[in-house]
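Sequences listed follow chains A and B, in order. The first sequence finishes on residue 113 if you use our numbering, and the numbering steps up by one all the way, no holes. The second sequence finishes on residue 1108 if you use our numbering, and the numbering steps up by one all the way, no holes.
By construction, these hints were calculated from the structure, which means they are not laboratory data. The beta carbon of each residue, even a glycine, is placed where N, CA and C say it ideally should be. Mixed in with the good hints there might be a few duds.
To list a few chain A residues with every Cβ distance to chain B over 10 Å, as calculated [as the list claims (entries may be wrong)]:
no., residue
1, 8
2, 24
3, 27
4, 79
5, 83
6, 100
7, 102
Label-pair distances were calculated between CB atoms; the ranges are [stated by the list, open to error]:
no., chain 1, residue 1, chain 2, residue 2, range
8, B, 1082, A, 113, 19 to 29 Å
9, A, 113, B, 1060, 28 to 38 Å
10, A, 19, B, 1069, 19 to 29 Å
11, B, 1082, A, 70, 38 to 48 Å
12, B, 1027, A, 84, 23 to 33 Å
13, B, 1040, A, 3, 12 to 22 Å
14, A, 109, B, 1069, 16 to 26 Å
15, B, 1059, A, 51, 41 to 51 Å
16, A, 3, B, 1078, 35 to 45 Å
17, A, 54, B, 1017, 20 to 30 Å
18, A, 2, B, 1060, 26 to 36 Å
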Amino acid sequence: NAGVTQTPKFQVLKTGQSMTLQCAQDMNHNSMYWYRQDPGMGLRLIYYSASEGTTDKGEVPNGYNVSRLNKREFSLRLESAAPSQTSVYFCASSESPSVNEQFFGPGTRLTVL
Amino acid sequence: GENVEQHPSTLSVQEGDSAVIKCTYSDSASNYFPWYKQELGKRPQLIIDIRSNVGEKKDQRIAVTLNKTAKHFSLHITETQPEDSAVYFCAARYDMRFGAGTRLTVKP
């Protein structure tokens, strides 16, 4: 099992460009999450999907949109990238929203110039 | 949403000493309390967790204690080793938010 995979691993954007970060899990988990981690900082929840067909905002949703494409895949879109969105983005999954271990992907390092 | 506060933000100990990291939370509905370890440049990984019906859980050199009345829980690492150096995150799992993290340095 690959666990949680993310693409791309690295990305450089110019201000105003758009892009989609992809995440997939092969553990048949119901819940998926997107976090951002700024240098030397903690993990902040952007959006999550408690189950297929649902999505909810987290702590820092502004400037992002998400799509739960199916049970396996959860994508994060930046419509108009800003330098403040320079960060490492982690996708995670778990069996349920509140009471199970989260498994993290390897992260995407995004730089917005 | 849940407010999770984690202390200290940095902790430096000598190899062989113990390390304690504490988290407090605000939402009484929280019932799952995991601890994650993140080594430099890597993804967070679960090291131990505890559920609300248990007061303490131990796994070799790592233990977690929970005080639901006071709404705090702690990570205890005994006989620390240099490979324990990392950032540690707590969470009170009601709405998937993490504490700000503790950077632990174990000096040989």
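Structure-based check of each hint:
1. 8: Holds, since 16 Å exceeds 10 Å.
2. 24: Residue 24 of chain A is indeed farther than 10 Å from all Cβ atoms of chain B, at 15 Å.
3. 27: 14 Å, holds
4. 79: The assertion about residue 79 of chain A holds, with a minimum of 24 Å to chain B.
5. 83: Nearest chain B Cβ is 22 Å from residue 83 of chain A, so the label holds.
6. 100: Violated: least Cβ distance 8 Å, not greater than 10 Å.
7. 102: Per Cβ check, residue 102 of chain A is inside 10 Å of chain B; nearest 7 Å; violated.
8. B/1082 to A/113: 19 to 29 Å: 37 Å, violated
9. A/113 to B/1060: 28 to 38 Å: Cβ of residue 113 of chain A to Cβ of residue 1060 of chain B: about 46 Å, so the range 28 to 38 Å is violated.
10. A/19 to B/1069: 19 to 29 Å: 47 Å, violated
11. B/1082 to A/70: 38 to 48 Å: For residue 70 of chain A against residue 1082 of chain B, whose Cβ atoms are near 43 Å apart, the range 38 to 48 Å holds.
12. B/1027 to A/84: 23 to 33 Å: 29 Å, holds
13. B/1040 to A/3: 12 to 22 Å: Given range 12 to 22 Å: holds, Cβ gap about 20 Å.
14. A/109 to B/1069: 16 to 26 Å: 42 Å, violated
15. B/1059 to A/51: 41 to 51 Å: 30 Å, violated
16. A/3 to B/1078: 35 to 45 Å: For residue 1078 of chain B against residue 3 of chain A, whose Cβ atoms are near 30 Å apart, the range 35 to 45 Å is violated.
17. A/54 to B/1017: 20 to 30 Å: 46 Å, violated
18. A/2 to B/1060: 26 to 36 Å: 28 Å, holds
The earlier numbered hints that this structure contradicts are 6, 7, 8, 9, 10, 14, 15, 16, 17.
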